[in-house]
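Whenever a hint applies, use it, and build me the whole structure from the sequences.
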Amino acid sequence: MACLHDHSCEDHDCSSNWSLYKHIDLPKVSALNEAVPGSAKSVFKPWEHRLNSSEEHLESNEGDPELLVYIPFTSDVKIKSIAIIGGTDGTSPSKMRAFINRDGIDFSDAQNMQAVQEWDLVENLNGKLEFQTR
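Take the sequence shown: its letter number 94 is residue 94 in UniProt numbering, and every next letter is one higher.
Treat the hints loosely; a few may be bogus.
What the hints assert, rightly or not - Listed below are the simulated DSSO-like cross-link pairs for lysine-lysine, each with C-alpha atoms no more than 27 Å apart in a straight line:
id, residue 1, residue 2
1, 78, 22
2, 28, 80
3, 22, 80
4, 41, 80
5, 41, 78
6, 95, 78
7, 95, 80
8, 128, 22
9, 28, 45
10, 95, 128
11, 95, 41
12, 78, 45
13, 45, 22
14, 128, 41
15, 41, 22
16, 95, 22
17, 45, 80
18, 28, 95
19, 80, 128
20, 45, 128
21, 95, 45
22, 78, 28
23, 128, 78
24, 28, 41
Claimed, not checked - Label pairs and their calculated CB-CB ranges:
id, residue 1, residue 2, range
25, 33, 114, 17 to 23 Å
26, 106, 52, 28 to 34 Å
27, 74, 122, 26 to 32 Å
Think of the hints as simulated: they come from the structure by calculation, not from any bench. The model shown is predicted, which means the values in this text are computed figures rather than measured ones. Just so you know, even glycine gets a beta-carbon here, dropped at the ideal spot from N, CA and C.
Structure representation (structure tokens):
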């Protein structure tokens, strides 16, 4: 897989050097409209464990497909790319919007605010596709 740095991750272990997982403040991760309260925390994993699902997934409440996930970090970070691994048969997310440095945002805010970036997502079952940031 081509990385955002000067080599291919197939030839090198990029997990510890390039992963932001260690900077996520997991106890403070939250989501609005998650079907199982607290499940948003379980979907963030170190790169080398990204395909270990063991029933850990994030779903929205039935009948309302939108989720709003708050991901705080323990230090300043620069996100270069994001991997979203979803389900099959149309259960993967199709769109993603990013808002930065926004505490306490709700669905009304997200609808009325300009996102920093928006992505049209495709099914990514093997976790090899990364969505680049600006």
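Against the structure, the hints:
Distance hint between residue 78 and residue 22 is fulfilled; the C-alpha atoms sit about 13 Å from each other, no more than 27 Å. In summary, the hint linking residue 28 to residue 80 is supported, as the alpha carbons are separated by about 22 Å, within the 27 Å threshold. At roughly 15 Å between alpha-carbon atoms, residue 22 and residue 80 fall within 27 Å of each other, so this suggested pair holds. For the hint pairing residue 41 with residue 80, the CA-to-CA distance comes to about 21 Å; that is within 27 Å, so the pair holds.
In summary, the hint linking residue 41 to residue 78 is supported, as the alpha carbons are separated by about 20 Å, within the 27 Å threshold. The straight-line distance between the Cα atoms of residue 95 and residue 78 is roughly 21 Å, inside the 27 Å bound, and the hint therefore holds. For the suggested pair residue 95 and residue 80, the alpha carbons sit about 18 Å apart, so the restraint of at most 27 Å is met. With a CA separation close to 20 Å, the supplied pair residue 128 and residue 22 stays within the 27 Å bound.
Only pairs whose Cα atoms come within 27 Å are accepted, and residue 28 paired with residue 45 is accepted, the gap being roughly 15 Å. Note on residue 95 and residue 128: the hinted pairing holds, with a Cα-Cα distance of about 18 Å set against a maximum of 27 Å. The suggested pairing of residue 95 with residue 41 holds, with an alpha-carbon distance near 20 Å, which does not exceed 27 Å. This hinted pair checks out: residue 78 and residue 45 have alpha carbons roughly 18 Å apart, not beyond 27 Å.
In summary, the hint linking residue 45 to residue 22 is supported, as the alpha carbons are separated by about 9 Å, within the 27 Å threshold. Restraint check for residue 128 and residue 41: satisfied, since their Cα atoms lie roughly 21 Å apart, inside the 27 Å limit. Restraint check for residue 41 and residue 22: satisfied, since their Cα atoms lie roughly 13 Å apart, inside the 27 Å limit. Note on residue 95 and residue 22: the hinted pairing holds, with a Cα-Cα distance of about 26 Å set against a maximum of 27 Å.
Between residue 45 and residue 80, the direct Cα distance comes to roughly 17 Å. Compliance with the 27 Å bound is thereby established for this hinted pair. For the hint linking residue 28 to residue 95, the alpha-carbon distance of about 24 Å falls within 27 Å, and the restraint holds. For the hint pairing residue 80 with residue 128, the CA-to-CA distance comes to about 15 Å; that is within 27 Å, so the pair holds. A distance of roughly 14 Å separates the Cα atoms of residue 45 and residue 128; the hinted pair therefore holds under the 27 Å criterion.
For the given pair, residue 95 sits about 21 Å from residue 45 by alpha-carbon distance, which is consistent with the 27 Å threshold. For the hint linking residue 78 to residue 28, the alpha-carbon distance of about 19 Å falls within 27 Å, and the restraint holds. With a CA separation close to 20 Å, the supplied pair residue 128 and residue 78 stays within the 27 Å bound. This hinted pair checks out: residue 28 and residue 41 have alpha carbons roughly 8 Å apart, not beyond 27 Å.
With their beta carbons about 21 Å apart, residue 33 and residue 114 fall inside the hinted range of 17 to 23 Å. Remark: the range hint 28 to 34 Å for residue 106 to residue 52 is upheld by a beta-carbon distance near 32 Å. For residue 74 and residue 122, the Cβ-Cβ distance of about 31 Å falls inside the hinted range of 26 to 32 Å, so the restraint holds.
Going through the hint list in order, the structure satisfies each hint without exception.
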